[in-house]
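Could you slot chain E onto chain A? The hints should help.
Residue numbers (UniProt numbering), protein chains in the order written: chain A, 1 to 312; chain E, 1 to 211.
Some hints here could point you the wrong way.
With the Cβ distance kept under 7 angstroms, some of the chain E side facing chain A (calculated, not the full set) [unchecked claim]:
(1) 28
(2) 29
(3) 35
(4) 36
(5) 37
(6) 103
(7) 106
(8) 110
(9) 112
(10) 170
I should point out that these hints are in silico values taken from the structure, not numbers from a laboratory.
From the three backbone atoms N, C-alpha and C, an ideal C-beta is built for every residue, glycine too.
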Amino acid sequence: MRISTSIPSSEITPEKFYFNRRAFLAGSLGAAASLLPLSAAASSLDYKPGPYGTDEAWSTFADITTYNNFYEFGTGKADPSNNSANFKPTPWTISVDGLVSKPTTFDLDDLMALELEERVYRMRCVEAWSMVIPWIGFPLSRILDKVEPLGSAKYVAFETVVRPEEIPGQRGRLFQTLDWPYVEGLRLDEACHPLTILATGLYGRTLLNQNGAPVRLVVPWKYGFKGIKSIVRITLVENQPETTWRNMAPQEYGFFANVNPAVDHPRWSQATEIRIGEGGFFGAARRETLPFNGYGDEVASLYDGMDLRSFY
Amino acid sequence: MQPRWWGPASIWLVYGVGFIPAIWYFWLGASGQLPGNAVKIFEHLLGVWALRFLLATLAVTPLRDLAGINLLRFRRALGLLAFWYVLMHFATYMLLDQQLNLPEIGKDIAKRPFITIGMACLVFLLPLALTSNNWAIRRLGPRWRSLHKLAYLIVLGGALHYTMAVKVVTAEPFLYFTLAILLVAYRPLRSPILNWKKDRRLKTASTTSRQ
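In isolation and in its complexed conformation, chain A is listed as follows (with noise of 0.2 angstroms):
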């Protein structure tokens, strides 16, 4: 299926069914209807076709929205959006500051002026699964363009929100799952990479609080971990930063992540991959996963001469 790239997808799609198609057909109630108040938040968003589409099918909005992993609202796939109705996106500010000439604060009109496009990507997790997500955003080169970054700034080092009294999985129990704030980090050059993007929607609309609301990273040759949601905090800084999966389990989180077939996480094989809502219960989709899934050709450069299974 061959989707072009002029339409807006939200105008592909009629909105009674982008929800769940497979609920719609399976006549199941529950996954469609419970979504149905969420969409109320979001809101249409304008933007254009953007470079990099795909021909593969898009995972159903249902999937994307309710299949996530977000541990600040719990460690569950259904958790994220089952436990993130009382955080609030808005007002919001992002502040780009450290090795830079300019250090500035956004707030959501400032980046939604930005010229939004779609970007239809591949999302691989490092969990060996992975979905098609038509994003909505920008490439975050043009923020750090604003910024002028100085010549000693050579990575960038990003901080998710800390709001306990929104956010159920940052209250202090007795199973803090991991440190907060969530933090990732990526070298400047990938930073630049025209791939990578701050994400404020998809499918046409805003961010839903469980995809990181309001603005969120996507780099999509790297595993779904280094795409850090809710950014309120980028800095440009010096020496590689530390990141929060890294610091968990370094033999098994590396900071760079490159989606690598050939690199096991120690625990399972990335060889393979399940594509979320394809294939059904007797006949999952298992295929094959791509090295820099599948954008080999616009990034393998960047790692010229580096041992990718030292630097995993």
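Just chain E, lined up with the frame of chain A:
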């Protein structure tokens, strides 16, 4: 006084109820009602239920000793349910998850410690399931008891398998791991506790008889 048929019927009831989670989740998965990664969810639930039945099997003795609740006649059913759930858990991994990709399955079992441990637990469960019938119990005599002490290793292995499989240890795997350790740790403490209880009973009896 319970009617005579109740004894065997209640045991069959435990089997019937015990298989409900597997049947229910299989139905949900097969009819497309497990959202997202249905196979993984099903696989995980079978594993969790296997562990629950293992823990229940090992809880029978301490419940009788310490709380006076006698569930001994259900113990074989609970143990066999655990075995069937472990087998279904493995079959789901092999058939639905890995789709009979034997080289990959072999690599998983050999290379990944949590899968090696899980596989060892299944292998250890086989002789226990095969000797769970009355004929084998009579035939093996005292050796049966020694053989079935493997259950302690299996419950610890199962809890460890679960704890190692998750990305972060949340309340549920922590709880099962703690319970497994407590239930196994109870075994060496059992005879001192029982002796102490017997002593106390004898003392109370002699005090009352003097009055």
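The hints, checked one at a time:
| no. | hint | verdict |
| --- | --- | --- |
| 1 | 28 | violated, 9 angstroms |
| 2 | 29 | holds, 4 angstroms |
| 3 | 35 | holds, 6 angstroms |
| 4 | 36 | holds, 4 angstroms |
| 5 | 37 | holds, 6 angstroms |
| 6 | 103 | violated, 10 angstroms |
| 7 | 106 | violated, 12 angstroms |
| 8 | 110 | violated, 12 angstroms |
| 9 | 112 | holds, 5 angstroms |
| 10 | 170 | holds, 5 angstroms |
Against the hints set out earlier in the document, violations occur for numbers 1, 6, 7, 8.
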